[in-house]
Amino acid sequence: MMIGATKQAVGGLLTSFRAKFVALIGAAVLLSLLMGGAIALWNVQQLSRDASSEIESGLSKATEEYLTRYIDMTAQRADLMFARTYDQVNLLAQFSQSLIDQPALGTEISTLLGEFPNFQDTLVYNPKGNWVQNSEGGSSVVSVWGYLLDNSGNMQPGVEQAVRDTSNFGLIAPYIMTTGPSKLQSYYLGPRAYPFLRTTPFSEQAQTFDKLYPGHNDQNWWDFFFPGIYEAWQGWAGHPEARPVQTEITVVAPYVDAVTGKLIVSFFHPLYTQSRKDVAGIVGVDVTPDQLTELIQGVKIAESGFAFLAQQDGNVVTIGQAGESLLGIAPEKIEGSGVQSFDMSLANSRFADIANLKVPPAGTTTITEVTVDKDGTPQKLIVALHPLAAMNMWQPNAGILAQNMVIGFVVPDSEIYASLYAAQNEIAAATNRIAQGILISIVSFLIVVLAVSVEISRRFTAGLVVLADAAGRLARADYDIQVPIRGRDEVARVGGAFNTMAREIREHTETLEQRVADRTRQLASANDEIQSLYVKLKDENIRMGAELDIARRIQAMVLPTLAEHNRIPDLEIASHVEPADEVGGDYYDVLYTQGRARIGIGDVTGHGVESGVLMLMVQSVAMALHERGLDDPNVFLEVLNRAIYKNIERTQSGKHLSLAFLDYADRSITISGQHEEFILIRKDATVRRIDTIDLGFPIGLEEDITAFLSSIQVPFEPGDMMVLYSDGVTEAESETGDLYEMDRLIASALRHHQKTATDAVVEMIADLKAHIGTQKVHDDITLVILKHR
Amino acid sequence: MEIKTAEYNIWAEGAIIHYEGTLRLSGTDAYQDILTMMQAVLAGNPPMITMDLTQLEFLNSSGINLLAKFTIELRKHPDVAVKVLGSTRIPWQSKSLPNLQKLHKGLELVLA
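Residue numbers (our numbering), protein chains in the order written: chain A, 1 to 789; chain B, 1001 to 1112.
With the rest of the complex left out, here is chain A (with noise of 0.2 Å):
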């Protein structure tokens, strides 16, 4: 029982009230819960793109300023690294400007110097060359080309002056060589008319030169390297204005020296002749671009972020391999044009994007973010570009323009915002912390909500539960179930109901048990006193059974036949003789011997063998009697009576019966013994009842009933009809109790004097039956019509 009920308790908890209570709860809150986390998401994510487009405008901003700061600083570094090299351009100038413009002192200085081994210029004629040139040792070396040499391979007179005239540059070219920014190499380079080369340190520079130009000693020095040069400058002699950069000193774009075979950019600074009529050389350092590479290369950016120099055209002068590579450009080399120059622009880029980058005004910086495809996928790069300040500049076949070289800064956009994606990575790594954080809070508030709801619902449902239990025990017939009542809730008051209505029907079961229990007891003892009664019953029925036949077989018995109703000449006899339930002891015979004829009718008291036999013991004394020729009415009764008094005696019986005879003869009856009325209907319908209380006693009560006896004579005529009968035809009870009574016999028989005696019997018999309806019958029925033929 325990079992079932707690299977039944666990199987309830999925439909019961509880868990519909307990889902409730649980689906509002999660409801509630993953709305709030819903928004909370969608907040927290909102929250995260606004920072993290905040971080990247913030980013983007503090990038472009951090670039601009850098390519600034870049720049300026640059600048003051070219104004460091145009100082010391202008120092080396100003000097050798200055002996120029003191052509005493040049001469007093260089004769002085002459005394110096250092200083001597020991020139000797190199025929394979057609040059001169003074041999290593000296503070300097001078080329002096073939065309500035007379046949015999000595130098024109006018050139022997300026090649001694010039060495004084070797008093100051060392220093500047040693000072400053690192330099290739110092030198001074003659006018038109005798352009000899004067170079510190000592270098072959003509056997150099032979190697790398080929037939430079064939052309004017200036003409075969830049051409276009000299011209220039002989503009600005006497026209400072016509400078396009208002300073002395041109840059050569870069190109490769004859001398050290190296790629450099020449800084030229014109000297003027005393008058400033005219160019009176030049004096130049070479600087190799490396040096300024130093500068752009030691530019760092992010991880692979990379500097680049660049002339205002686009041509890259100083750029890594990598940077080649990712601006899509290669150096090409110009031939043909003096000097050897390269030309590495950024308008031969294969990328659309590098190609079409302008370089920025003076002073400003441009952050351009192009696409370039890097390995055979696209990658944006940031590109600054910052333009150097304005400088002379010579270029093959352009002459000399003002041009501003352009820093570059290139930086892949994914590196400068590497720390954007990252901070962006941590941005969604924190949403998603947040939104598992949400997800944990949620289900752990959930699993709160629910385990807190579970107890609740059992302490709201216990008292329910108790009920269900309770009502299910009771509906097993356990009515001694009370339930707790704890409280005053509905819940408390359905208990209360619940325990008043268990103990009700407890009471009214175990009164209803005990009631049954009675009842069973009586009808136990009644069933075993039906049983008894009903093995007696049986007994007995079969005993009245018997004895019924017995009776009805000794009526049967005694009845004349009809073949004896129909042997008196006059007389047409009809009878109905109908035993009760209970045969009664009616006696009726027809007796003719002779021509004597004589009826009788009787009725014995009580029912049954007994009776029977009496009526039995009268029809034989009657027969024996009537045999024996005995006429007279009385002695015939009086005897009779003796004989059935003495038997009656003999037999105990204490019965007793009505004995009455109707003689016939010659159209005349005559009536003797004390029995029921006798009808007499005349043809003519009238009628006489004949009593016979006088004529007679009931047979066996007394000895001798002599005194009682009498007789009386009516005529019976032909069509008369005599009607006879027991007290079973006057005695019949209808159905509402009424008997059938003299009154309804004589209308009856009247109704049907004339028919023949059988009809008339039958049609008497129907109307008693009509009369008896279904009413019990209690008594023998006997009716005999008499009619006279």
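There could be a bad hint or two in this list.
[Unchecked claim] Here are the simulated DSSO-like cross-link-like pairs (lysine-lysine), alpha carbons at most 30 Å apart as the crow flies: (1) 277(A) to 300(A); (2) 769(A) to 1083(B); (3) 536(A) to 61(A); (4) 1076(B) to 776(A); (5) 1069(B) to 1004(B); (6) 776(A) to 1105(B); (7) 646(A) to 1105(B); (8) 1105(B) to 1076(B); (9) 683(A) to 1004(B); (10) 61(A) to 358(A); (11) 1076(B) to 646(A); (12) 683(A) to 769(A); (13) 1083(B) to 1095(B); (14) 211(A) to 300(A); (15) 536(A) to 1004(B); (16) 1095(B) to 646(A); (17) 776(A) to 1083(B); (18) 1004(B) to 538(A); (19) 683(A) to 755(A); (20) 776(A) to 536(A); (21) 1095(B) to 1105(B); (22) 646(A) to 1069(B).
[Said to hold, decoys possible] Partial list, derived from the structure: chain A residues whose beta carbon lies under 8 Å from chain B: (23) 693; (24) 704; (25) 708.
To be clear, the hints were calculated from the coordinates, so they are not data collected in a lab.
Values in this document were obtained by computation on a predicted structure and should not be read as measured data.
Ideal placement from N, C-alpha and C gives every residue a C-beta, glycine not left out.
Position chain B against the provided structure of chain A, taking the given hints into account.
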């Protein structure tokens, strides 16, 4: 003394025996209780026994036999006067009660 059923009621007031209703008992034995009661009244040896049959609507032949037997017994007590009260309204009484008088000459029959 009283014998009462739904059909009939027979009771004795001193020496007066009242009969009411319909008596249709089956056989002489069935009337034994009534006879015993009547004999008990007789055993009291009253100066007169009265049988009031005026309310007895029906009596079957066994019942008439009972009355006859009791009348014959009364004949043996000449010192006890007997009165039978009957009603001409009831057919069986005027038919059968005169027989009682024939059985017992001292019996006073009053048919009213």
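How the hints compare with the structure:
1. 277(A) to 300(A): Distance ~49 Å between residue 277(A) and residue 300(A) Cα, so the pair is violated.
2. 769(A) to 1083(B): violated (39 Å)
3. 536(A) to 61(A): Violated - the C-alpha atoms of residue 61(A) and residue 536(A) are around 129 Å apart, more than 30 Å.
4. 1076(B) to 776(A): Violated. Residue 1076(B) to residue 776(A) sits at ~40 Å, over the 30 Å cutoff.
5. 1069(B) to 1004(B): Roughly 22 Å separates the two Cα atoms, so the pair holds.
6. 776(A) to 1105(B): violated (39 Å)
7. 646(A) to 1105(B): Satisfied, since the Cα-Cα distance of roughly 23 Å is no more than 30 Å.
8. 1105(B) to 1076(B): holds (12 Å)
9. 683(A) to 1004(B): Roughly 50 Å between the alpha carbons, so the hint for residue 683(A) and residue 1004(B) is violated.
10. 61(A) to 358(A): Answer holds: residue 61(A) to residue 358(A) is near 21 Å, not above 30 Å.
11. 1076(B) to 646(A): Given pair residue 1076(B), residue 646(A) holds - Cα atoms ~20 Å apart, limit 30 Å.
12. 683(A) to 769(A): holds (26 Å)
13. 1083(B) to 1095(B): holds (17 Å)
14. 211(A) to 300(A): This hinted pair is violated, its Cα atoms lying about 39 Å apart.
15. 536(A) to 1004(B): Satisfied, since the Cα-Cα distance of roughly 25 Å is no more than 30 Å.
16. 1095(B) to 646(A): Holds, at about 26 Å.
17. 776(A) to 1083(B): Violated: residue 776(A) and residue 1083(B) sit about 35 Å apart, past 30 Å.
18. 1004(B) to 538(A): holds (28 Å)
19. 683(A) to 755(A): Between residue 683(A) and residue 755(A) the Cα gap is close to 11 Å, so the pair holds against 30 Å.
20. 776(A) to 536(A): This hinted pair holds, its Cα atoms lying about 25 Å apart.
21. 1095(B) to 1105(B): holds (17 Å)
22. 646(A) to 1069(B): Status holds; Cα separation ~16 Å.
23. 693: Because about 6 Å separates residue 693(A) from the closest Cβ in chain B, which is inside the 8 Å limit, the hint holds.
24. 704: violated (12 Å)
25. 708: Where the cut-off is 8 Å and the nearest Cβ of chain B is about 6 Å from residue 708(A), the hint holds.
Violated hints, in rising order: 1, 2, 3, 4, 6, 9, 14, 17 and 24; the structure is consistent with all others.
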